[in-house]
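Novice: Dock chains B and C against chain A, hints included.
Chains as they are written, first to last, in numbering that gives the first Met the number 0: chain A, 0 to 331; chain B, 0 to 448; chain C, 0 to 320.
Some clues are possibly wrong.
[Claimed, not checked] Dumping the calculated DSS-like pairs for lysine-lysine here, alpha-carbon to alpha-carbon at most 30 Å:
1. B:K14 <-> A:K20
2. B:K48 <-> A:K213
3. B:K1 <-> A:K317
4. C:K211 <-> B:K43
5. B:K76 <-> C:K183
6. B:K43 <-> C:K217
7. B:K447 <-> C:K65
8. A:K213 <-> B:K14
9. A:K20 <-> B:K361
10. B:K48 <-> C:K228
11. C:K211 <-> B:K47
12. A:K317 <-> B:K234
13. B:K48 <-> C:K211
14. A:K272 <-> B:K1
15. C:K217 <-> B:K79
16. A:K213 <-> B:K234
17. C:K183 <-> B:K447
18. C:K183 <-> B:K448
19. C:K217 <-> B:K47
20. B:K447 <-> A:K213
21. C:K220 <-> B:K79
Note that these hints are calculated values from the structure, not bench results.
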Amino acid sequence: MSNRLVVSLSPHVHSGDSVRKNMYGVCLALAPAMIASLYFFGLGAAVVMLSSIIACVFFEWSITKFILKRERSTVMDGSAILTGILLGFNMPSNLPIWIIVIGALVAIGVGKMTFGGLGQNPFNPALVGRVFLLISFPAQMTTWPVSGSVEYLDAQTGATPLSIMKWAIQSGDASALKDLPSSMDMFLGMHGGALGEVSALLLLLGCVFMIVRKIITWHIPVSILGTVAILSAILPVANPVYANPVAVLCGGGLMLGACFMATDYVTSPMAPKGQIIYGVAIGALTVIIRNWGSYPEGMSFAILIMNAFTPLINTYCKPRRFGEVAGKEAKK
Amino acid sequence: MKTFRIGGVHPAENKLSAGSHIREAALPKQAVFSMFQHIGAPAKPVVKKGDVVKVGTLLGEAGGFVSAPIYSSVSGKVSKVDVALDSSDTRRMAVYVDVEGDEWEESIDRSTDLVRLEDRPDLDAKTIVEKIKQAGIVGMGGATFPCHVKLCPPPGQKAECVIINAVECEPYLTADHSLMLEKADEILVGVTLIMKAVGVERGYIGIENNKPDAIRLMQEKAGKYHRGIEVVPLKVRYPQGGEKQLIDAVIGRQVPAPPAIPINVGAVVQNVGTAFAIYEAVMKNKPLISRVITVTGKSVQKPSNLLARLGTPLSQLIDECGGLPADTGKIIGGGPMMGKALISLDIPMTKGSSGLLVMTEKEARRAEPDPCIRCAKCVGACPMGLEPFLLAQLSSQHMWDEAEHEAIVSCIECGSCAFTCPSHRPLLDHIRLGKTTVMGIIRARAAKK
Amino acid sequence: MNVILIAVIVLGVVGLVSAVVLFLASKKFAVWEDPRIKQVSEVLPQANCGGCGYPGCSGFASACVKAAEGGDLSGLNCAPGGQAVMEKVADILGLAVSAAAPKVAVVRCQGTCDVRPHGVEFDGAHSCRIQNMTGMGETQCQYGCLGEGDCASACLFGAISVNPATRIAEVDESKCTGCGACAKACPRNVIELIPQGPKNRKVVVLCNNQDKGALATKECKVSCIGCGKCVKVCDKFEAITLGTNLAHIDPDKCKMCRKCEEVCPRGAIKAFNFPPRKPKAEAPAAVTAAPKPASAAAPKETVVPAAEKPMDNTKQNETAE
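Here chain A stands alone, though its shape is the one from the complex:
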C-alpha cells in the first residue's frame, strides 16, 4: 500500500447533503415565482432582480476577502445569491439601481457579515435590507407598479390589495373592499405589489417542493398561514371592514414570508415545538400590524421581531427526548 491510511472517528459515511445543495434548492424553489415576476413586471423585474443578486454576491465576496480576510470564501455556497433573490422579491419593479445597491449593502454588510457571516446572523439579512430601505426611502418603497406594467422606471403604479384593505379599515368603509381583485386573481398573482409576492400559487408550489426535498419542515409555513387564516376568518365576522381570509393570505408578502423568509435556517428555532410557537407568533403579529399598525404590510416586522426571540425559544423549547414519555407514564 503506497498511500497512508486515513483514521477518523465514526461515522465514516455521509448523506451527501451540503450547504450548497440546500441553498440552491431554495433558489430552485423560488424559480417559478421569479419567472412569474418577469411575466407580470417585464423589464423592471429583470433589472431589479439582477442588480440585487449581483450586488449581494459582490458585497459578500469583497467583505470576506478584504475585510474578514478569510481563506475559504463562502461566496459560492449560494447563501448570498439567495439573499439577493429574496431582497429583489421584496422590492417594487420600478426601484432605481442605486437604492437596490444600498439595500444589498445593508443586507449583506450589516445584516450578515457584521455578525460573522453565514450561520451567525440573528436577523434575516434580506429583511434587514428591506426594512432599512422601507424606512429610508418610504416613497419609492411603497409605490407599487400594477401587474402587467412591464416598463422599468416609469411603470404604471396603482393600489395594491394591502393598501385597499388598509384604506377600508382606516376609513371604516367596508365598500372600499369591493376594489379588491377577485380571489382567483389574488391567488394567481394578477395584482400589484413587490416582485416576488404576487403569485401565491407559485410560492406555495415552491414551498411544497422544499418540504418534499426535506430542505425545510412543514412546521413554520403551516403555523404562520394557519394562524393568519384563522384570525382573518374571525375578524370580518366581527366587523365587515376587515378583508376576507383569501385576500389576506394572498395579498402582500405573507406567502413569501411564511414560505421563504421565516423558514430561513439561521434565524428560526430548531425544535419543532419552538418552530410552531415562532410561526403562530409571526402570524398573529402580522395580522395585528396589518390591521392596527400604521404600515399596510406587517410581515417583515413580524419576522424580524420573532427572529429576536429565536434564541429565547431555543433555550426553552427542547425537542422531546427519548424516554421522556416513558418517564412520565411511569410517574403516573
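Specialist: Only chains B and C this time, still in chain A's reference frame:
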C-alpha cells in the same frame, strides 16, 4: 410497518455481500488473542510461553463479573504473552499462538446434528446462564457486553420478554443476514434457551424488511420451536439496531435516560449472532471461538461472509476476498456508521468483529466543514431527541456542566447527526469527547459521595 | 414657567423616592464580605487561569482568606504570580509564606516527523483529545505528543505552541508561568511541570513511551527504552528511577551533572539552558572527569557551579562515609 419513534436516518444500504454463502476461512499461521475482547475487566492470561493448547483451551480467565473468559480457537504452541495491536488501535495484552494442526478439546461436540431444548430436559435457567458465562459469550453485534450479565437481572427487576436483534441496520454488513439464512434452526433453539434463561414466554425477533427472505424463513420455522416467538418485520431505518431504539420499535416502550437500562422496561435484548453462539455453547459445549464476519467494500473483489476463527489476522481475511485493493484509503472494523477506523491490517479478529469494510481513497476523506447554518437537521435525525449542534458546541468550548444538563450522556454515538449535517461538521467527534468527559465527572462525583 | 416647575418637582420627587428605596435596599440586602478578599484579589494577576485549582482569581482570594483563619497558607500557590505575589498575599493576611519553587512546563516528547513517522493520517476535528480517542493517533507511539495543540489553546499566556514543522508542542520558558493548564489539557500526560531549576537549568527525560525496549525502538528513534543506563550512572544521587520501561529524573535530587544525558543511547535525555559543552576531544573516554580542568580554565563563571556542585557533593558523601 413498525419502527422507532424519534429521529433516524436512512443511509445507502450497500449490502454488497447479501446472498453470498458463509465460507469458512482458512486457519491462520499465527493467531493472536487479545485479552480485551469485551467491555469490562480484561481477561487474565492463564497460559505462558511454550504451553501447548488445543481448540477450546482456556487462554484467559474472566477478570471479574463484567468480563468474559477467552478460549483458543486454534491448536498449537503459545509463542508469547505480550502486547499486541488490537481492534481498539492500541497495544494491549494478548496471547500469541503458533498454529500446528487442528486439534480440538474432546469436550466439544463437533457434529452438526440439531439439539432441541426438548432433547435436554436437564437444562434449567441457572445451568444455561452458567454455561454462557463459561463459554465467554459477549454481545456479538459489536458492543461486546458480556452476555451473562444481561441474563442476570438486578434484584427487583423482572424480564417480560426477550428481543432478538436481527436488524443489522449498519450499511454494508450482512453477517447476521447470512447467519439467519443458513443457521435458522440453531438460532431459534438459541432463542428458546435465552427465553428459558430469563424465564419468559415471549420472544420477538426484529428484522428490517430489506431482508424479506430471512423474515419469511424465520416466520416459517419460529412456531416449531416455541409458540411465544414472534417475528417482527421493521421498516428500514438507522439506528434501529440500537438497543433502546429496537425496544421502542418492537414493543413500543422507551427506556428512560441513563442510568436506566432495558430491563427497567422488562426487555432483554440479544443479538442474533449471540443467540447462535449460545446454542453452540449450551448444546454443543463449544466456547466462543469463531464468528461470521462480513468482508466488504466497493473496491473489494469478492465481498463475502466468512466464518473465521477468532485471532485470525484481518489481512488474511481480506486476502481470501481478493486481496487489498491498491486505492484503499480507509479500513474499518465494523460498519461505516459506528465502526472503528483501523491503522493496520495486522490486527486480529475479536469477538466483536462484525465486519471489515474497505473504503477507497475518495470515500475515506471527510469534506471540509462549513459553518453551522442552524438548519436543525441534526436535531431531526437524533434518535435520542437531543440537540447535537448544541452538544458539539458546548463540548468544544469545554462547558461540561451545561453539556451534562443537556443530557449529553444519553447520546448513543450512532452518528446520525454527523451523517446528516449539510455543513459536514464533525459533530460526533466533539460530542463523544464531551460524553466521555462528562461521564468521568459524574463518576468522580459519585466516588466522592 | 408652570411647566418647568412641574417638571422639576416631578423629577425631584421621583429621584427622592428612588434614593430612599435604594438606601433601604442596600441596608436590607447587604452581604458582608471580608475586606481582605478584595485586598488579596487586587494583588493577584487577574489572569483567571485556574492554575491554583480555584475558579478564577477571586475564588483563590477567598480561599486564601479562609486558609488564613487557620493560620496556614501552605498548599495555596499562585503560579503565574510566583513567589512575589504570594509574599504580598501573606503580608496582607499577616502570615509567612512557605517557599514554593517556581515551575515550568516541559513537553516530554521529541518525536518529530523525522524520527517518528506519521504512518496514518487523522481526519477529524483538530483536537488532541479527539485524536487520542482513535487509539494510537497518527504515529505508532501511543504515548507521545499528538500535535493538535490542545495545550496551546489551554495556555492563557501564549507560552506553548505546536511547531508546524515538527508537529510537537514547544514551551517558551520566558512566558510560562507554571500554571499547569497545558498539563491538564494534554490527554496523554506528555507535559510535566518541573521546578525551574537554578539559572533555569534542568535535565529531563524527554519521552513518555512506556512500551518495552524492542517496541519503543520501532516506534520512535528517540524513545526511552528503559535500558537503565542512566539509572546506573546516577547511582550516587539516585535521582533517576525506572517506571514502566521509562526513566524519570527527580528534579529535587538531580545535581545537574548531565552524565545521564551523555550515557543515554537514544538521546532521550536532554539538558536545558546549560552553556555549550567544552569539546571533549582530549579525553573522550573519561568524560566524567573532563569538566574539572576545563571549567577551571573557562572564563565563563556559569560553568563552574554546574560542574562543581556534584563534585562537592561527592566529597561530602565520601567524608560522611
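Novice: If a hint holds in the structure, say so; if it does not, say that too.
Specialist: Going through the hints against the structure:
Taken as a hint, the B:K14 and A:K20 pair is honoured in the structure, with Cα atoms around 27 Å apart against an allowance of 30 Å. Annotation: proposed proximity of B:K48 to A:K213 is violated, straight-line Cα distance about 61 Å (limit 30 Å). For the suggested pair B:K1 and A:K317, the alpha carbons sit about 26 Å apart, so the restraint of at most 30 Å is met. For a cut-off of 30 Å, the pair hint linking C:K211 to B:K43 stands: about 20 Å separates their Cα positions.
For the given pair, B:K76 sits about 45 Å from C:K183 by alpha-carbon distance, which is inconsistent with the 30 Å threshold. In summary, the hint linking B:K43 to C:K217 is supported, as the alpha carbons are separated by about 27 Å, within the 30 Å threshold. Restraint check for B:K447 and C:K65: the C-alpha separation of about 22 Å stays at or below 30 Å, so the hint holds. Pair hint A:K213 plus B:K14 holds up; C-alpha atoms about 25 Å apart against a cutoff of 30 Å.
For the given pair, A:K20 sits about 20 Å from B:K361 by alpha-carbon distance, which is consistent with the 30 Å threshold. Of the supplied pair hints, the one linking B:K48 and C:K228 holds, its CA atoms being roughly 28 Å apart against a limit of 30 Å. As the CA atoms of C:K211 and B:K47 are separated by approximately 18 Å, the hinted pair is consistent with the 30 Å bound. Taken as a hint, the A:K317 and B:K234 pair is honoured in the structure, with Cα atoms around 27 Å apart against an allowance of 30 Å.
For the hint linking B:K48 to C:K211, the alpha-carbon distance of about 17 Å falls within 30 Å, and the restraint holds. Distance restraint check for A:K272 and B:K1: the Cα-Cα separation of roughly 24 Å lies within the 30 Å cut-off, and the hinted pair is therefore satisfied. For a cut-off of 30 Å, the pair hint linking C:K217 to B:K79 stands: about 19 Å separates their Cα positions. With a C-alpha separation of about 19 Å, the suggested pairing of A:K213 with B:K234 holds against the 30 Å cut-off.
Taking the CA atoms of C:K183 and B:K447, the gap is near 20 Å; set against the 30 Å cutoff, the hint holds. Among the hinted pairs, C:K183 with B:K448 is consistent with the structure: their alpha-carbon atoms are about 24 Å apart, no more than 30 Å. Only pairs whose Cα atoms come within 30 Å are accepted, and C:K217 paired with B:K47 is accepted, the gap being roughly 25 Å. Only pairs whose Cα atoms come within 30 Å are accepted, and B:K447 paired with A:K213 is rejected, the gap being roughly 48 Å.
Pair hint C:K220 plus B:K79 holds up; C-alpha atoms about 25 Å apart against a cutoff of 30 Å.
The earlier numbered hints that this structure contradicts are 2, 5, 20.
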